[in-house]
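Novice: Sequence:
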Amino acid sequence: MKRRLEPIIELELITKTFLSGEGHDGTLRVLRGISLGVRKGEIIAVVGASGAGKSTLLHIIGTLEKPTSGRVLYNGTDVFAMGEEELARFRNLHIGFVFQFHHLLPEFTALENVAMPALIHGKAFSEIRAIAMDLLREVGLEERAEQKPPKLSGGEQQRVAVARALMNSPRVILADEPSGNLDSENARNLHKLIWNLSRNRGQTFIVVTHNEALAKQADRIVHIADGVIRGATQET
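First residue of the sequence shown: 17, per this note's numbering; consecutive thereafter.
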């Protein structure tokens, strides 16, 4: 029987409201009370129709947006009680991001892009070059290290983005439609990479996706509709 670990991330009654012309009171309620626990090494797929609140939820988990109400706890610490500078440091060190569009910096090489989170943290490139190269090797792109993004294929660019997300050995990787801009073969390769990394490194992945094949490989699937969780498969 699988031992159930305590959550490393806890969402407590998360709501998010935007000012809008919609609704009788001029507000748009995107999230309406989301509570969720996420365990170490778990892969969670977040699914639902467009506009259901999936990406907003991911951005709140990643501290890119603040909830209107509710708390986000990392190992019991309320991250939104932190000051802006402390929160930015926390985000850089403990959370990795992979988006549908890779957001690589075109003027830097693949190796430099991977190293960027550590450089932002104040490390010297000479200090972390070997780590960045190891990550490129892990995603199968060691030989492309000195190429800049415009010289890489879409699948290669997204693998660089995954390696970059791993640079500071974060607790959790958040991925928003990571294969949404890839053809079917590159999507399958990226899915396999994500799952291998989670299993080999024990890192937690929360993935927003419309890809059914990707979702079915997750430990849990969380269905969001109208800003609330409508259903979730149980962890096996």
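Do not take every clue at face value.
[Unchecked claim] Keeping only pairs whose Cα atoms sit at most 30 Å apart, straight-line, the calculated DSBU-like set for lysine-lysine is:
(1) Lys139 x Lys167
(2) Lys56 x Lys208
(3) Lys139 x Lys164
(4) Lys82 x Lys164
(5) Lys167 x Lys208
(6) Lys56 x Lys164
(7) Lys232 x Lys208
(8) Lys164 x Lys208
(9) Lys167 x Lys56
(10) Lys82 x Lys56
Since the hints were derived computationally from the structure, they do not count as laboratory data. Small disclaimer: the values here were computed from a predicted structure and weren't measured.
Novice: Evaluate each hint against the coordinates.
Specialist: Against the structure, the hints:
1. With a C-alpha separation of about 27 Å, the suggested pairing of Lys139 with Lys167 holds against the 30 Å cut-off.
2. With a C-alpha separation of about 19 Å, the suggested pair Lys56 and Lys208 falls inside the 30 Å cut-off, and the hint holds.
3. With a C-alpha separation of about 21 Å, the suggested pair Lys139 and Lys164 falls inside the 30 Å cut-off, and the hint holds.
4. With a C-alpha separation of about 34 Å, the suggested pairing of Lys82 with Lys164 is violated against the 30 Å cut-off.
5. Of the supplied pair hints, the one linking Lys167 and Lys208 holds, its CA atoms being roughly 24 Å apart against a limit of 30 Å.
6. Between Lys56 and Lys164 the CA atoms are separated by roughly 34 Å; this puts the pair beyond 30 Å, and the hint is violated.
7. Pair hint Lys232 plus Lys208 holds up; C-alpha atoms about 12 Å apart against a cutoff of 30 Å.
8. A distance of roughly 24 Å separates the Cα atoms of Lys164 and Lys208; the hinted pair therefore holds under the 30 Å criterion.
9. With a CA separation close to 36 Å, the supplied pair Lys167 and Lys56 exceeds the 30 Å bound.
10. Proposed proximity of Lys82 and Lys56 is supported: the alpha carbons are some 23 Å apart, at most 30 Å.
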